[in-house]
Amino acid sequence: MTDLRAGKITLEDVCKSYKTKTGWNHVLKDVNIEIESTDRLGILGRNGAGKSTLMRIIGGSELPDTGRIDRQISVSWPVGFSGHLQPSMSGIANIKFCARIYGKPVDDVIEAVAEFSELGRYLHEPFKTYSSGMKARLGFALSMAIEFDCLLIDEVTAVGDAAFRRKCDDALNNLSENKAFVLINHGLAAIDRLCNRVLVLGVEETPFLSTRVHKTIKAYEKALKGEGWKRPEPA
Amino acid sequence: MEFTQSWSTTARVINAVILREISGRFGSSRLGYLWALITPAFSIGALYFVFLFIRNRDSGEIPLLMFVVTGWFTYGLYTSMVSDLGNAEGSNRALLMHSQVQRLDVLIARATLATLTNFTFFGCAALVGALVEGSGFPQNMMLVFQSFCSAGLLGVSLGITIAGLSTYYPYALQFLQPVNRIGFFVSGVLFTADMLPSWTYAYLKWNPMIHPVEGMRQGWFETYQSPILDLNYTFAIAVPLLAVGLYLERRTRRGIKF
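Keeping their order, the protein sequence lines are chains R and X.
1 is the number of the first residue of the first sequence in the working numbering; add one for each residue after it.
1 is the number of the first residue of the second sequence in the working numbering; add one for each residue after it.
You may find that some hints are simply not true.
Claimed, not checked - Chain R is nowhere near these chain X residues, computed Cβ spacing over 12 angstroms in every case: (1) Leu96; (2) Asn180; (3) Leu246.
To be verified - Here are the simulated distance ranges between beta carbons: (4) Val244/X - Ser88/R: 48 to 54 angstroms; (5) Glu34/R - Arg93/X: 38 to 44 angstroms; (6) Ser91/X - Lys19/R: 21 to 27 angstroms; (7) Leu63/R - Ser91/X: 42 to 48 angstroms; (8) Arg231/R - Val239/X: 54 to 60 angstroms; (9) Gln139/X - Lys128/R: 45 to 51 angstroms; (10) Ser91/X - Glu34/R: 54 to 60 angstroms; (11) Phe42/X - Asp169/R: 51 to 57 angstroms.
It is worth saying that the hints were derived from the structure and are not from the lab.
Computed from a prediction, not measured in an experiment: that's the story for all the values here.
Quick reminder that beta carbons are idealized off the backbone N, C-alpha and C, glycines included.
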């Protein structure tokens, strides 16, 4: 199905902080980005840099302390290992629930998920009995089947066997032109391969956004090794 | 148009959450949703036999089984509202990952499910009461309805308030549980007000849950006239509390705090 919607997600001056036992932790500061309907945005950052928080804010499951978010296109939930899926319910029951809340035909979504995830009879077993690889398969397949304009993918493609990872890569590569995704992945090669823009958190005062994906990843890798962060020159 | 679309999304989400709740709570059991009816039936049966044979409770001209059923059902509606709504976010946090799902949708879904479950159960129990004891159906349907609504509304108000407070105090519901357990013994489930000395009325009247229980019995049984019934008192507490609860819910939605 071709989606002809054109729109974008705009984040303006988004800030988020959490209260901890030792004081306020300012996770995100002055985030200003636009995600076009054709973007493939990778997010880089150390643990605790705010990658997942930013993803939840983009998805709408968490609100920022200050700032404005405008979503003109439909955005998925953050697709992780399990996240939103109810452990005591079967895979099928979870699929039905998601199809219902997004107003999609239940049978079509079940069929698409069954085909992509290749979970077979396990779809009738309680979700809590799934291995992490199976959870990732179901979560990813479900987000693809609902057909969002923008997918939020949090680490999920990093688990599972090689065949599943390849399948995820193919699926993301073959997304129609009017579909975007935001990808968090500690495997930097995946971001290098799949994304056309990259956002780096935690290396500068405010997030650094670049279209020079490969060079930014190299600079980020150096920063990780303690060699200091040097912003790549604009193209 | 946007407003209609928004309501249609809300209705779809509430419907999906209700089905998910039913599936999550009862889907793993062969008897499924029937468990919601069987569990209280055992408790009421046990209480009935205790009163019938051990304590030999004199419920006046009120049939004993329906005496237990009316009290249990009314108080049960209130407590299930409080615990289901107060715990709504704790047990459904993952659901809020979906931008379509608001916490208020989960609260409405849970309140609807608790109402339907209690209503169905009460209907079944009333039928059993009619068959076993030959007890009739409500003499004053309007009073029964008002009592039902006041118990439910008080539970909803307190449940929503607890759901909002849980953002600051995650154990708020745990503090309320012992109060509700004590409330079971002082809210007329096991007695009617006219069984007690008249000097206690001045104190009993302060309990907002005794009025729905008394109202249910006065509405159901022609022979019972409560000496303390005042449903306005319960509504006068429930309505402002609901406003406070909705305000807190709004302010603490998606993790926002003052």
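**OP:** Against the structure, test the hints numbered earlier, and report the numbers of the ones violated in rising order.
**Re:** The structure conflicts with hints 1, 4, 5, 7 and 10, although it agrees with all the remaining ones.
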